[in-house]
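Each protein sequence line maps, in turn, to chains F and P.
Heads up: take any position in the first sequence, counting from 1, add 4, and you land on my numbering.
Heads up: take any position in the second sequence, counting from 1, add 23, and you land on my numbering.
Since the hints were made in silico from the structure, they are not lab data.
We treat Cβ as the ideally placed atom computed from N, Cα and C, and that holds for glycine.
Treat the hints loosely; a few may be bogus.
Label-pair distances were calculated between CB atoms; the ranges are [stated by the list, open to error]:
(1) L106/P with G14/F: 15 to 23 angstroms
(2) P179/P with G17/F: 24 to 32 angstroms
(3) L106/P with L34/F: 20 to 28 angstroms
(4) P150/P with G17/F: 44 to 52 angstroms
(5) L81/P with I37/F: 44 to 52 angstroms
(6) L34/F with T74/P: 49 to 57 angstroms
(7) N203/P with Q75/F: 22 to 30 angstroms
(8) I37/F with F162/P: 19 to 27 angstroms
(9) T258/P with L34/F: 25 to 33 angstroms
(10) L43/P with T144/F: 16 to 24 angstroms
Derived lysine to aspartate or glutamate pairs resembling EDC-like cross-links, with alpha carbons at most 20 angstroms apart [to be verified]:
(11) K137/F with D60/P
(12) K137/F with E274/P
(13) K186/F with E174/F
(14) K186/F with E176/F
(15) K137/F with E67/P
(16) K232/P with E207/P
(17) K229/F with E70/F
(18) K137/F with E228/F
(19) K225/F with E67/P
(20) K225/F with E70/F
(21) K232/P with E310/P
(22) K229/F with D58/F
Covered stretches of chain F (chain P as the covering partner; in silico rule of three or more C-beta atoms under 8 angstroms from a C-beta of chain P) [what the hints assert, rightly or not]:
(23) 19 to 25
(24) 48 to 61
(25) 199 to 211
(26) 263 to 269
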Amino acid sequence: MTTLRTSRSGRAGQYVALLCYLVFLAFPFLWLISTAFKPPRELGSLHPTWIPNDPTLANFRQAFDEQPLLQAAGNSLIAALSAALIAVVIATPMAYAMARNRNRLSAAATGWVVVSQAFPFVLVIIPLFLILKNLHLINTLFGLIMVYVVWSLPFALWMLVGYVRAVPRELEEAASVDGAGKLRTLVSVTAPLLAPGIVATALFAFITAWNEFFFALVLLKTPEKQTLPVVLTHFLGAEGVADLGPLAAAAFLATMPSLVIFAIIQKRITGGMLTGAVKS
Amino acid sequence: MKQPDHGAWFLVLPALIPILVLSVGPLLYGISLAFTDSQAGRTEPTQWIGTLNFQDLLHDTLFWDSFRIGLLWAIGVTVPQFLLALGLALLLNQNLRFRWLARALAIIPWAMPEVVVGIMWRLVYNPDAGILNETIRDFGLGDGRDWLTGLATALPAVIVVGIWAGMPQTTVALLAGLQNTPHELHEAAALDGAGAWRRFRTVTWPALKPVALAITALNLIWNVNSFALVYVLTTGGPGGRTRLPMLFAYEEAFRYGQFGYAAAMGCIMVAVISVMLALYLVGRLKEGAEQ
Numbered sequence: 005m006t007t008l009r010t011s012r013s014g015r016a017g018q019y020v021a022l023l024c025y026l027v028f029l030a031f032p033f034l035w036l037i038s039t040a041f042k043p044p045r046e047l048g049s050l051h052p053t054w055i056p057n058d059p060t061l062a063n064f065r066q067a068f069d070e071q072p073l074l075q076a077a078g079n080s081l082i083a084a085l086s087a088a089l090i091a092v093v094i095a096t097p098m099a100y101a102m103a104r105n106r107n108r109l110s111a112a113a114t115g116w117v118v119v120s121q122a123f124p125f126v127l128v129i130i131p132l133f134l135i136l137k138n139l140h141l142i143n144t145l146f147g148l149i150m151v152y153v154v155w156s157l158p159f160a161l162w163m164l165v166g167y168v169r170a171v172p173r174e175l176e177e178a179a180s181v182d183g184a185g186k187l188r189t190l191v192s193v194t195a196p197l198l199a200p201g202i203v204a205t206a207l208f209a210f211i212t213a214w215n216e217f218f219f220a221l222v223l224l225k226t227p228e229k230q231t232l233p234v235v236l237t238h239f240l241g242a243e244g245v246a247d248l249g250p251l252a253a254a255a256f257l258a259t260m261p262s263l264v265i266f267a268i269i270q271k272r273i274t275g276g277m278l279t280g281a282v283k284s
Numbered sequence: 024m025k026q027p028d029h030g031a032w033f034l035v036l037p038a039l040i041p042i043l044v045l046s047v048g049p050l051l052y053g054i055s056l057a058f059t060d061s062q063a064g065r066t067e068p069t070q071w072i073g074t075l076n077f078q079d080l081l082h083d084t085l086f087w088d089s090f091r092i093g094l095l096w097a098i099g100v101t102v103p104q105f106l107l108a109l110g111l112a113l114l115l116n117q118n119l120r121f122r123w124l125a126r127a128l129a130i131i132p133w134a135m136p137e138v139v140v141g142i143m144w145r146l147v148y149n150p151d152a153g154i155l156n157e158t159i160r161d162f163g164l165g166d167g168r169d170w171l172t173g174l175a176t177a178l179p180a181v182i183v184v185g186i187w188a189g190m191p192q193t194t195v196a197l198l199a200g201l202q203n204t205p206h207e208l209h210e211a212a213a214l215d216g217a218g219a220w221r222r223f224r225t226v227t228w229p230a231l232k233p234v235a236l237a238i239t240a241l242n243l244i245w246n247v248n249s250f251a252l253v254y255v256l257t258t259g260g261p262g263g264r265t266r267l268p269m270l271f272a273y274e275e276a277f278r279y280g281q282f283g284y285a286a287a288m289g290c291i292m293v294a295v296i297s298v299m300l301a302l303y304l305v306g307r308l309k310e311g312a313e314q
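Next up, chain P with everything else stripped away, as it sits in the complex (with noise of 0.2 angstroms):
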């Protein structure tokens, strides 16, 4: 004896309109953005250009360039951050003294503003008064250099940012996951006499990778979506050599002020976006079906 529930909708509206209103519609706006010709500060109308922003996109080679480094960005750092985390994940699940340290130490990265990382690193990369810089000299390892504005070090020197700022929430999860492995089965698999590599093999790591499937799958979307650290760091330099795409849509819409080119971009980053959520549900779906 179920009767509609009205209270479900007076509870849901509060929250339901803003969303619909500032988040829903905007971004359906901004999706038929794309095909205008939308500029700042233009008098005539908006008119409809159909896929012209994305013929154009196909064309503009500092796009490509944006795209690439993207791409470089955001597995040059979700892998290395991966194997690191994995690593003080499995080392935080030991008994081991300082833990405690760890755990405190984690929370600065997580909790400090991306601007205040990226400034705080610029202090560390400086070529005279950085810390990293005076390292080297007391290693005797040579001059050091100037990380942030060389072309070769620039996109290396921000990943190693990226890695360090995304460190805590990646091993944290991956912590979490750990604690699911049944610790019964450790015992039994040392028991039977299996080394640690094989223990990881076949008792943690299946246990564990639903986990770092999904904190994997985030980490890659969120580090395509990046603005702030970058900005901050290099905004984008030298000669476009850490452009990722939002900074390159960035200087697109509010620089140049192409409203409809940098929608358009936009759009081939929730393309690509999808694809990546697609293939990870795909993977989810697989493996539950397998089980």
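Next comes chain F alone, as it looks inside the complex (with noise of 0.2 angstroms):
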């Protein structure tokens, strides 16, 4: 009876608790979203409200003609791309030698994809941008892509350990038994069974590309070659001063691909730790 009534009670604050959290979390995205499609008298009222009396798509035509978005995206686009293909094409090799051979070098590897996670990168940018200028590839997409390639390693080689770990042995010698070479078992055995696990590292190195911006900001010099969230920053002007419609159109639709592809490899990434607690 005693445990019928505080479970009651109980539930009751942990819905309350939960509602706080969903509001916390949730609400910034909807006044973004709510700020986008507002016209500029709605935006100037000294009154916000939360539903657009009157929704308009023009914050986004404007966005356009005042900043180069598409150019922009497609820099995006192709930085992301290569870095992401690249990263995964020369990690899963290393990846399954770390993962299959104990040595001293699967060791050290193990050792600087942790200690890398903690490097302050502006120890690492300045040498970079030193070495980039010599080589005549400041402002150039190909310089980003290479810095994208190895900033993107450390957690690709970690997720790709784990998806090689998940491979049984077993199967790689029973392969073996039956006369398959190393590199045959490798690639008609392991490969296939490794292949969700390189797309979802290859999509996760994709949105930790289309999201940086520290590496973009010091590399690419001219609006033509920049990437999208180092183009956003322009609508921010001087003082701060903006024009929040164009903004936040811009903002929005530059968060949509890194959504998508999110909401498709999540699982994949928190490796299952939510899908346990979470599942619906």
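With the hints in hand, could you dock these two chains into one complex?
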């Protein structure tokens, strides 16, 4: 009897708490969407409303007029796609070696993966800037892609090592007993089982590069070369004076690719961490 | 009968070479730059000046300000975020409806570009057209204020954004930790008449501790290294009140061209982070020894 009563009031408290969390997590994003669809008149109003009285797409059109958004999105796409592909192609064999061979090399690689998460970027970006400058690769997407590849390697390796470990060794051993060579086993047995993990890793590397700001800010100088996050900051103008509507519209658009991809791979990234607890 | 595995080198080299050339190499180069007078646009050769940059940093009040602000920021974000995320993780571990909604929403801060997070919160904090001040006015709590440009409110305002942005990762990590707590122990403790708090202290927390330590250490390190969020929110203003170490170093290097000086600052950050990592590792080892 007592347990029932406490659990009932406890439940109510839990739902109130959950509601507070939902509001906290959602409201900035809802506000962004609301602002993106407001006409200038409503944006200037001293009593802003949650739902635009007179929703409009004008902000989106104006955003494209004000800044080279399409070109920036193209640059971001090229940089993120190339970086993701290259990272996965070179990381997969290394991850395989790290997962299957326990030697000093793989121990060192694992150590580097952990430590590199703690690098202050500034200590790496200054020398990189000087090196790329000497190679005349400043203000080129090629230079940025090289940086992104290396920058996304630690996490890519970390994810891929996990996926390789999940492939039972016995499967590979069975194949070699059947007379398949090492390479043959890798290609025909291991690779297909790894494929979903490789795709998830590539998508994650893509989002990381798509969202990246600091390296792009330092390495890309002219608007024609800049990626989407850097071009977005141009909307802010001097002293933070900004055209709120187009700013919100552009920011909203820039988020969509990552949100969609993340929604798709989210379960894989969290490695089933959430699924157990929060499956609906 | 084990023969040397030449295949491993063939597998490792494609990634190892870029790592050495573009990551390990620059790191070492960066450390060596800290001991030089390297500057942007200098024509005469760069000179080795020993620890002069470090001595200058020690007397640079702007550096100490950013150091102090960085510490306030890192702790100010990490600690409340941990407590909030722990609460959310405990809730999501219950059998509640609408848990799926929290999970769906948690994707948003996680997947968003930091630049967009910054822009979004500027819209929220906007003194006239922002929802925060409007809510304050609606509840009759005053006229609201200009949060991001007020000397007293700027740092707390960006800290709130930092907490929001990192909530998902922390929550997911803690939730994963909660999944590892043996359910039977909970039931046994409940049968013994242990209240919620005692069950948390004696059953949940011991199992959660390793994950909690790890995510806290990582969060501290990430927050010490933050740049984009605050760059977009305040660019370090007003009057340097939110100038985090990374913003300070960025300005020194790429606005004033002081590469050597900024590299020295980067070295100090490496030292601070190494101490944090070491403390964490010692904590882990101790715990391992106790068990």
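Do the hints match the structure? See the list:
| no. | hint | verdict |
| --- | --- | --- |
| 1 | L106/P with G14/F: 15 to 23 angstroms | holds (19 angstroms) |
| 2 | P179/P with G17/F: 24 to 32 angstroms | holds (27 angstroms) |
| 3 | L106/P with L34/F: 20 to 28 angstroms | holds (25 angstroms) |
| 4 | P150/P with G17/F: 44 to 52 angstroms | violated (35 angstroms) |
| 5 | L81/P with I37/F: 44 to 52 angstroms | holds (48 angstroms) |
| 6 | L34/F with T74/P: 49 to 57 angstroms | holds (52 angstroms) |
| 7 | N203/P with Q75/F: 22 to 30 angstroms | violated (48 angstroms) |
| 8 | I37/F with F162/P: 19 to 27 angstroms | holds (23 angstroms) |
| 9 | T258/P with L34/F: 25 to 33 angstroms | holds (26 angstroms) |
| 10 | L43/P with T144/F: 16 to 24 angstroms | holds (22 angstroms) |
| 11 | K137/F with D60/P | holds (18 angstroms) |
| 12 | K137/F with E274/P | holds (19 angstroms) |
| 13 | K186/F with E174/F | holds (14 angstroms) |
| 14 | K186/F with E176/F | holds (9 angstroms) |
| 15 | K137/F with E67/P | holds (17 angstroms) |
| 16 | K232/P with E207/P | holds (19 angstroms) |
| 17 | K229/F with E70/F | holds (16 angstroms) |
| 18 | K137/F with E228/F | holds (18 angstroms) |
| 19 | K225/F with E67/P | violated (25 angstroms) |
| 20 | K225/F with E70/F | holds (18 angstroms) |
| 21 | K232/P with E310/P | holds (10 angstroms) |
| 22 | K229/F with D58/F | violated (36 angstroms) |
| 23 | 19 to 25 | holds (count 4) |
| 24 | 48 to 61 | holds (count 6) |
| 25 | 199 to 211 | violated (count 1) |
| 26 | 263 to 269 | holds (count 4) |
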